[in-house]
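Protein chains: 2
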Amino acid sequence: MRVLILGGDGYLGWPTALHLSKQGHDVAVVDNYLRRNLCREENVEALYKTPNLHERAAIWKTHTDKTIDITIGDLCDWDVVEDVFREYQPECIIHYAEQPSAPYSMLNRKASTLTLKNNIEVTANTIFAVKEFCPDAHLIKLGTMGEYGTPNIDIEEGWLDIQHNGRKQKFLYPRAAGSLYHTTKVMDTDLLWFYVRTWGLKVTDLMQGPVYGMFTNETLIDTQLQPFFNYDEMFGTVINRFLVQAVAGYPLTVYGKGGQTRGYLNIVDTLQCVQLSLENPADSGELRIMNQFTETFSVNELAEMVKKSASNLGIEVKIKPVKNPRKELEEHYYNPKHSAFNELGLRPTLLDTNVLEKIMKTILCHREEINKDIIFSKRASWC
Amino acid sequence: MRVLILGGDGYLGWPTALHLSKQGHDVAVVDNYLRRNLCREENVEALYKTPNLHERAAIWKTHTDKTIDITIGDLCDWDVVEDVFREYQPECIIHYAEQPSAPYSMLNRKASTLTLKNNIEVTANTIFAVKEFCPDAHLIKLGTMGEYGTPNIDIEEGWLDIQHNGRKQKFLYPRAAGSLYHTTKVMDTDLLWFYVRTWGLKVTDLMQGPVYGMFTNETLIDTQLQPFFNYDEMFGTVINRFLVQAVAGYPLTVYGKGGQTRGYLNIVDTLQCVQLSLENPADSGELRIMNQFTETFSVNELAEMVKKSASNLGIEVKIKPVKNPRKELEEHYYNPKHSAFNELGLRPTLLDTNVLEKIMKTILCHREEINKDIIFSKRASWC
Chain A
7 MRVLILGGDG YLGWPTALHL SKQGHDVAVV DNYLRRNLCR EENVEALYKT PNLHERAAIW
67 KTHTDKTIDI TIGDLCDWDV VEDVFREYQP ECIIHYAEQP SAPYSMLNRK ASTLTLKNNI
127 EVTANTIFAV KEFCPDAHLI KLGTMGEYGT PNIDIEEGWL DIQHNGRKQK FLYPRAAGSL
187 YHTTKVMDTD LLWFYVRTWG LKVTDLMQGP VYGMFTNETL IDTQLQPFFN YDEMFGTVIN
247 RFLVQAVAGY PLTVYGKGGQ TRGYLNIVDT LQCVQLSLEN PADSGELRIM NQFTETFSVN
307 ELAEMVKKSA SNLGIEVKIK PVKNPRKELE EHYYNPKHSA FNELGLRPTL LDTNVLEKIM
367 KTILCHREEI NKDIIFSKRA SWC
Chain B
7 MRVLILGGDG YLGWPTALHL SKQGHDVAVV DNYLRRNLCR EENVEALYKT PNLHERAAIW
67 KTHTDKTIDI TIGDLCDWDV VEDVFREYQP ECIIHYAEQP SAPYSMLNRK ASTLTLKNNI
127 EVTANTIFAV KEFCPDAHLI KLGTMGEYGT PNIDIEEGWL DIQHNGRKQK FLYPRAAGSL
187 YHTTKVMDTD LLWFYVRTWG LKVTDLMQGP VYGMFTNETL IDTQLQPFFN YDEMFGTVIN
247 RFLVQAVAGY PLTVYGKGGQ TRGYLNIVDT LQCVQLSLEN PADSGELRIM NQFTETFSVN
307 ELAEMVKKSA SNLGIEVKIK PVKNPRKELE EHYYNPKHSA FNELGLRPTL LDTNVLEKIM
367 KTILCHREEI NKDIIFSKRA SWC
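As you go down the protein sequences, you meet chains A and B in turn. Note that the first sequence ends on residue 389 in the working numbering; no numbers are left out. Note that the second sequence ends on residue 389 in the working numbering; no numbers are left out.
Among the hints, erroneous ones may be present.
Treat identical chains as interchangeable: a pair holds within one or across any two.
Cross-link-like lysine to aspartate or glutamate pairs, in silico, EDC-like; alpha carbons within 16 angstroms at most [claimed, not checked]: (1) LYS123 <-> ASP83; (2) LYS116 <-> GLU138; (3) LYS116 <-> GLU88; (4) LYS116 <-> ASP83; (5) LYS67 <-> ASP228; (6) LYS116 <-> ASP85; (7) LYS343 <-> GLU162; (8) LYS326 <-> ASP167; (9) LYS263 <-> GLU334; (10) LYS174 <-> ASP160; (11) LYS137 <-> GLU88.
Because the hints were derived from the structure by calculation, they are not lab data.
With these hints in hand, go ahead and build the complete structure from the sequences.
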């Protein structure tokens, strides 16, 4: 299948490109290096250097003789969008091309504006391009479990049947996100749902939880193929952040009471979920929404698990609650459903100390490169 | 009170400026003439010419000795936003500054992109400006009843208490709009709700139905003070459009089955509602949502009422169903609540043939200026 990956340089975009290329798909990726540029500007570089997209594609070609087509360009620019859709005529589009950091989106007005414009414009351009150039293509969009927030009722997969004054209606599950970044994903969902109804597009919207991990089957071929690994307060997700803190001898920074519970998944399960979505496309006129995570943990549970894994490697770690820089409930009900992917055949890789130790061993090789100053500078606050 | 009206040149913005100036408020308005420019570009000019904002303000000054401050500028541009907020230090901001046409928003990619960018960016800039320059100010935002669409259950005022699997949560009433324009208003609501929660802003979001009418107490002073009056398929609302069609001897173009039911209000009630909102501000951290209309009608009912009014003036009118250029339900349940404004003291001006005949008499004076070609050109289709 001809697959176009938008945001193909990212933490998930690049491993997805490798995975689908390995499966025999014709893969093209587009990226404007926004994530790399923002990390450099904010001085929160990833743990290790990563070759650029052309270099990575060349490395992949050397090992597998498979070609991944690369376009460097800004998908907010319609000329770029038109060029890549005309050239590749994709049958499936996987849209990761968003500013992905919640703390960055709350940093200041400039960062908020960038996040809002980038995420909404790329999604809109993608919708317009599908309509114009490949109306039968399947659009797989990365949303986030954070769109739902932490409501006091069970979280269903995207939709909710509501009974009210004796009548019934099925609605998009009401959303209430906790950052501007997450709110842009809610707005994306509004746009997608409108155009699915109006133009009969085929869309899968994946409500993904925070992802952890460093390795996929394809990156094991060559460490140069590994994705970015951020551990700072802005671009690092919590498990990756804790693992680096443990190795650096920095206390694990639990925000507030640490009862914040979320649904997590291993990066290899992101690839499985995207592949399952691609192999089981949405129908025409369907906005299919699936909750993409495998298990839930509170921040305290994660900190304890990282502490235990570190201890197994002979590293003693402290857990230190810090004033929460975010506006969020620190203790709450959380019961999100996630059966859709299991029904499609997902075989989860669950979190345990073995998984954590394997990542931590690689982090240990980069111990000298860790910049402790960026772990918790309190810049990323939205209270 | 120092009141800043964003989009103060528009069909509702200008009469609001006059009304609040008359009440003794210090009124400043900002506009970039987007609506005028789009109407000129699309060749769908209003029924009669309207002086520019500076000219209108001078006419108002002549009659009342009251000053309305004018700034011409694009509120997507932060420099403009910063200048007006710094200069006027508003205590209340009334935000009408959006591309207001649903059909225009569906015209083509360029129009869609303009609508999306303009509406979201102005709302975001307004939020950022309130936070930065006047965090205690009350922001009154014009939303639309169209945000809700036509669900099969009663429409509450903005919020819905949901019971699910034995637990309860209050949510934003789930929205499903029928055009991109209406969807941008849904996205605005998402943004406002996020920042109200996060920053404790005071926001009133008015879910307004289609407005009709030409006169307010203030415009009666001088016909030069009347608002735009569009009657084309893009920028004209349905009642205003039917009235001109009747005068022009054009059949009333009912889209499809004509069972589309909406909540309507007279322009004088828009002014009352905005004034009531201003005099009864939202609390800090409150997103207060009120449904702003006074009565519901189906398109068929409106066509019949216009036909009867025309007949009273000796004009015989035909009603002609045409293929619906819009994607919408033509027969549906519709039971939206609207008690909040009544509780605040709204005294509605209801629709009857007298009201319609009065407007029609003015249209008769402009009979020769009506351009029949723009009444129903079928350009504005989104099927």
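Comparing the hints with the structure gives:
no., hint, result
1, LYS123 <-> ASP83, "both (12 angstroms within a copy, 13 angstroms between copies)"
2, LYS116 <-> GLU138, "between (32 angstroms within a copy, 13 angstroms between copies)"
3, LYS116 <-> GLU88, "between (28 angstroms within a copy, 14 angstroms between copies)"
4, LYS116 <-> ASP83, "between (19 angstroms within a copy, 12 angstroms between copies)"
5, LYS67 <-> ASP228, "within (12 angstroms within a copy, 76 angstroms between copies)"
6, LYS116 <-> ASP85, "between (25 angstroms within a copy, 13 angstroms between copies)"
7, LYS343 <-> GLU162, "within (5 angstroms within a copy, 27 angstroms between copies)"
8, LYS326 <-> ASP167, "neither (42 angstroms within a copy, 38 angstroms between copies)"
9, LYS263 <-> GLU334, "within (11 angstroms within a copy, 48 angstroms between copies)"
10, LYS174 <-> ASP160, "between (18 angstroms within a copy, 10 angstroms between copies)"
11, LYS137 <-> GLU88, "within (12 angstroms within a copy, 38 angstroms between copies)"
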